[in-house]
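Here is what each chain is made of, one letter per residue.
Protein chains: 2
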Amino acid sequence: MRTASPFHVYDTTLRDGAQQEGMNLSVTDKLAIAAQLDEFGVGFIEGGWPGAVPKDTDFFARAAKELTLHNAVLAAFGATRRAGTRAGDDPQVRALLDAETPVVTLVAKSDVRHVERALRTTREENLAMIRDTVAFLAGEGRRVVLDAEHFFDGYRHDPAYALAAARTAFEAGAEVVCLCDTNGGMIPTWVSQIVAEVLDAVGPTAVGRAGDDGRPVGPVLGMHAHNDSGCAVANTLAAVEAGATHVQGTVNGYGERTGNADLVAVTANLQLKLGMELVPEAGLREATRIAHAISEITNLSPFARQPYVGQSAFTHKAGLHASAIRVDPDLYQHMDPKDVGNDMRMLVSDMAGRASVELKGRELGFDLSDRKDVLARVTDRVKHDEARGYTYEAADASFELVLRDELGELPRYFETQSWRTIMETVPDGHTPADVYGPEAEAFAEATVKIMVGGERIVATGEGTGPVDALDRAVRQALTSVYPDLRRFELIDFKVRILDTDQGTDARTRVLVETADGERSWSTVGVGPNVIEAAWEAVTGAYVYGLIKAGVSPAGPSAG
Amino acid sequence: MRTASPFHVYDTTLRDGAQQEGMNLSVTDKLAIAAQLDEFGVGFIEGGWPGAVPKDTDFFARAAKELTLHNAVLAAFGATRRAGTRAGDDPQVRALLDAETPVVTLVAKSDVRHVERALRTTREENLAMIRDTVAFLAGEGRRVVLDAEHFFDGYRHDPAYALAAARTAFEAGAEVVCLCDTNGGMIPTWVSQIVAEVLDAVGPTAVGRAGDDGRPVGPVLGMHAHNDSGCAVANTLAAVEAGATHVQGTVNGYGERTGNADLVAVTANLQLKLGMELVPEAGLREATRIAHAISEITNLSPFARQPYVGQSAFTHKAGLHASAIRVDPDLYQHMDPKDVGNDMRMLVSDMAGRASVELKGRELGFDLSDRKDVLARVTDRVKHDEARGYTYEAADASFELVLRDELGELPRYFETQSWRTIMETVPDGHTPADVYGPEAEAFAEATVKIMVGGERIVATGEGTGPVDALDRAVRQALTSVYPDLRRFELIDFKVRILDTDQGTDARTRVLVETADGERSWSTVGVGPNVIEAAWEAVTGAYVYGLIKAGVSPAGPSAG
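Residue numbers (UniProt numbering), protein chains in the order written: chain F, 1 to 559; chain L, 1 to 559.
Do not rely on the hints blindly, as some may be mistaken.
What the hints assert, rightly or not - Covered by chain L, according to a simulated footprint, are these stretches of chain F (three or more residues, beta-carbon under 8 Å): (1) 326-339; (2) 389-397; (3) 419-425; (4) 456-467; (5) 529-540.
Unchecked claim - Negatives, chain F to chain L, calculated, CB over 12 Å: (6) S26; (7) T28; (8) D29; (9) D89; (10) R94; (11) E140; (12) A164; (13) E171; (14) A268; (15) E286; (16) A293; (17) R354; (18) F366; (19) D373; (20) E406; (21) R519.
If you're looking for bench data, these hints aren't it; they were derived computationally from the structure.
The beta-carbon is built from N, C-alpha and C at its ideal position, and this holds for glycine as well.
I would like the entire structure built from these sequences, with the hints used as guidance.
What follows is the structure in structure tokens.
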């Protein structure tokens with residue numbers, strides 16, 4: 001199925017999204033993201049700027065061979081010809097043809113101030129550049145999208161010129177003119193009014209081109225929004241409600257500055273709230289997984305509060321509502337999270353009652369509905385622990401360990417007898433810099449004594465700090481018995497000092513995130529200092545990881 | 001100046017924002033955030049739910065004594081009376097009076113499905129609960145805001161009932177009815193239509209109450225938006241454009257699920273784009289600093305792409321535009337970042353500049369205007385340090401130490417030769433619980449070797465953890481020479497792991513707040529582990545404290 005919907009969902013993650021601070025995509029990354037975008041169901045994937053960016057030239061060459069698309073077509077992005085040249089002679093324009101994509105998207109100026117001050121050419125020459133380049137590419141059989149840069153700012157300054165740019169593109173054969181809020185400062189009422197005025201003005205210029213079904217195709221207006229005012233999604237909706245039928249955006253809202261319109265949120269709003277058909281239902285139901293997969297590829301941490309697909313997007317904390325939520329979850333969520341592949345989560349907090357513990361248990365796969373005794377004990381224990389500084393809402397894995405403990409289903413993989421850690425600035429005959437690099441000023445060493453499988457193991461580790469040294473010592477002690485530990489990696493480590501009014505008597509909370517290459521989990525530890533708290537969180541993470549790996553406790557110490 | 005603007009900017013960071021996953025604020029945190037909110041210039045600060053949440057009861061008690069507000073008034077949040085009781089007999093309602101705030105905000109049901117299924121009472125009783133509670137509190141001299149929960153969903157289901165709830169509140173004496181999109185699923189056109197219809201419908205019911213200037217005050221409608229559809233900011237703008245004159249939101253968009261409307265973005269849009277007067281211009285120009293300071297207090301990482309105040313919000317990557325941006329930056333940004341206290345950043349060549357170092361120096365009492373050499377050195381050093389993980393924006397005292405160092409005005413109070421710390425679980429003949437109380441499982445001990453006043457001092461300290469032990473050892477070593485150290489107390493200690501993708505190779509940043517009974521100051525340390533980072537921050541805090549106490553370095557080691 002190719003662009004089955006007459007509505008255009010146009011993704012620019014690989015081009016405009018890649019302007020995001022901290023993003024650096026390889027060609028392989030781009031191919032992997034394109035496959036995910038196609039699975040989501042976008043109609044167009046803008047792959048990059050061939051000719052201008054060598055990596056992007058490669059992308060189109062490899063995509064032609066390696067990428068099988070089911071929903072989308074590829075678009076190559078470039079600019080109108082240079083001032084004073086012929087479109088067919090401009091190497092940058094020729095590179096767009098060489099990319100051999102069905103669609104070519106051209107960025108062009110439509111704000112007269114940018115024509116004069118940034119492009120430094122005349123109003124007339126800019127229009128000629130649009131006309132020639134669109135006509136040349138359309139003549140070569142390409143579907144042409146014109147991205148009218150700074151359109152809204154330009155229209156507010158000089159509407160006649162902005163309209164002339166759009167009209168020129170349509171007259172020269174562009175299929176779409178996409179109105180860009182390049183600086184991202186628009187608000188919905190402005191967008192809505194301008195899109196309506198533009199549609200009114202360009203309507204009559206639409207040449208009655210024939211579509212696939214032989215019927216004439218009218219002018220398609222698009223919207224390209226940035227989030228500088230915090231309104232990118234809403235501005236896109238406003239444009240569509242005013243008549244635009246082409247939306248551009250990026251997955252996870254990636255992009256320069258505050259990012260582009262988040263294409264998943266735009267699509268979900270239009271499809272689930274306004275009843276339009278944009279992407280296959282099955283694609284939308286994979287949105288959460290796809291957004292997170294792309295975030296793995298880009299190596300940028302996902303934003304927990306991201307609408308629809310964020311980890312917290314359907315997460316409830318308020319204890320007061322927990323009982324009502326259990327009865328009727330629809331009263332407390334704006335749509336069914338399954339429609340975007342997400343889930344409702346309940347946070348177990350100090351305001352928690354048995355209802356939320358039961359819900360949380362169900363989420364983790366434990367049916368506690370007829371275990372009132374366990375529910376009561378777990379609820380009491382959570383309250384007691386949270387009063388001492390624990391926070392299970394950010395540590396699902398630790399909560400599961402508590403639950404298993406109260407159910408008598410917590411395996412005893414090992415038992416710690418004692419541990420010691422030493423850290424010093426300059427021991428005899430060494431400098432820390434020799435071992436740990438130029439910034440190190442101290443050595444850390446740790447020894448642990450652990451019972452595992454009926455045997456007593458003493459192991460020592462060295463590290464960049466005491467927690468790292470302890471971690472290495474424990475791994476040293478346990479890995480021969482539990483080789484799965486090798487796959488566990490500490491990926492995040494957060495420390496908070498509690499009861500700060502008490503100064504040095506404060507307690508320390510450590511949250512650790514651990515991964516095994518496929519999934520990650522969070523554990524919590526609390527203690528009088530960061531090392532004891534970390535010890536609890538890290539050993540908890542190992543226990544949880546071993547449970548999930550289906551490992552049985554070794555030898556006589558099994559419990 | 002109290003609520004000088006007739007428009008209400010109502011902050012609920014401390015109540016609804018605290019529903020954010022992972023947020024756990026102490027009373028001291030809440031007081032510190034309230035001071036920042038007041039500086040930003042909000043008119044109302046909702047402090048919490050006295051009676052229901054013990055911490056919040058404490059907050060109002062301490063706020064009355066400790067908090068001096070210049071722009072804002074405090075609001076206590078609670079619910080309408082229980083079904084079948086009298087408002088004056090309901091302990092929860094009485095707790096609202098006991099909080100002694102000028103404003104009380106009552107949450108009430110306005111969606112008939114919630115009345116029947118969640119509250120499990122009748123349509124009539126719910127209206128009576130609104131009427132009685134509002135009238136009781138207004139009769140006690142409180143300004144009453146009614147938060148009409150699930151208003152938009154309720155109105156779409158049964159407009160007459162939702163309107164009856166709003167009308168009842170106004171008739172009973174509520175100053176504001178705030179329409180809540182509790183589930184966050186609205187889009188701007190829906191909001192705009194509903195707000196307009198409600199204003200139309202409740203207009204005639206407005207009792208002509210007299211305002212401060214003696215003129216009658218009409219019904220004030222408010223907007224409380226959540227971001228589940230990605231439209232919280234836009235929905236708030238839509239409500240205001242339709243006639244609402246009270247907006248609720250949270251700093252940094254904190255809140256349950258996808259969060260609440262980001263109050264800074266809402267305010268900046270309304271004030272800078274629509275020309276309304278909401279907060280003092282000076283407050284808005286501090287928005288970036290304030291948003292980041294609050295994020296340090298909550299210990300939640302700031303979101304770089306956050307509109308207006310995010311670290312990336314005015315950051316440009318596009319190499320193609322760099323020269324045009326330098327010539328005419330206004331062409332490439334939607335507003336002047338200085339209006340919200342942010343800065344344009346170029347990613348290739350960081351332009352973090354001498355101007356801000358000079359300004360900051362002036363703020364600290366150093367005139368650097370004719371010290372170009374020092375400015376250059378400090379700017380370079382700050383850039384270099386920040387690339388390694390330091391953040392001077394949250395550590396003024398450390399910045400002053402850098403400045404003094406480059407000016408040759410940094411006293412050398414002492415010089416560390418070496419230190420060592422040992423921590424172990426159960427040493428011979430003791431249990432840690434004997435020494436440190438029932439929760440302790442380990443001993444920490446530290447030895448430092450320090451040169452002070454020409455003498456070499458070796459001192460040992462015991463503590464609840466290695467940082468505490470080191471701190472005690474240093475005090476032991478220095479207090480006889482510098483008795484002022486006795487007054488210094490570590491009051492807060494925050495740890496953040498940087499570059500978390502690198503797992504155990506991550507660097508650690510520690511921010512320490514120290515007080516001497518009169519003032520407090522913040523220092524930063526960065527190192528390969530928490531102990532080395534803490535050591536740098538703590539010793540920096542001592543040096544700064546001694547400087548401010550006017551102490552001269554002792555003996556021959558004076559510098």
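Grab the minimum beta-carbon distance between F:E171 and chain L and tell me whether it stays above 12 Å. The claim stands: F:E171 keeps its Cβ more than 12 Å from every Cβ of chain L (closest is about 27 Å).
With d taken as the least Cβ-Cβ distance between F:S26 and chain L, does d exceed 12 Å? holds (16 Å)
Does the stretch 326-339 of chain F contain three or more residues whose Cβ lies closer than 8 Å to a Cβ of chain L? holds (count 7)
Verify this label for me: F:A268 is non-interface relative to chain L, using a Cβ-Cβ cutoff of 12 Å. violated (8 Å)
Over 12 Å from every CB of chain L: does F:R354 meet that, or does the non-interface label fail? Answer for F:R354: holds, closest chain L Cβ roughly 18 Å.
F:T28 non-interfacial with respect to chain L [C-beta, more than 12 Å]: Fine: 18 Å to the nearest Cβ keeps F:T28 off the interface.
Outside-interface status for F:D29 - nearest CB in chain L farther than 12 Å: The claim stands: F:D29 keeps its Cβ more than 12 Å from every Cβ of chain L (closest is about 15 Å).
Interface exclusion of F:A164 relative to chain L, criterion Cβ beyond 12 Å: holds (20 Å)
A cut-off of 12 Å on Cβ-Cβ distance, and F:R519 was said to be off the interface with chain L. Does that hold? holds (16 Å)
Beyond 12 Å from every chain L Cβ - status for F:D89: holds (21 Å)
Count residues of the stretch 389-397 of chain F with a Cβ under 8 Å from any Cβ of chain L, then say if the count reaches three. As far as the stretch 389-397 of chain F goes, the hint holds, because 3 residues have Cβ atoms under 8 Å from chain L.
Verdict on chain L covering the stretch 456-467 of chain F, criterion of 3 CB contacts below 8 Å: With 5 residues in contact (Cβ-Cβ under 8 Å with chain L), the coverage given for the stretch 456-467 of chain F holds.
Consistency with the previously given hints fails for number 14 only.
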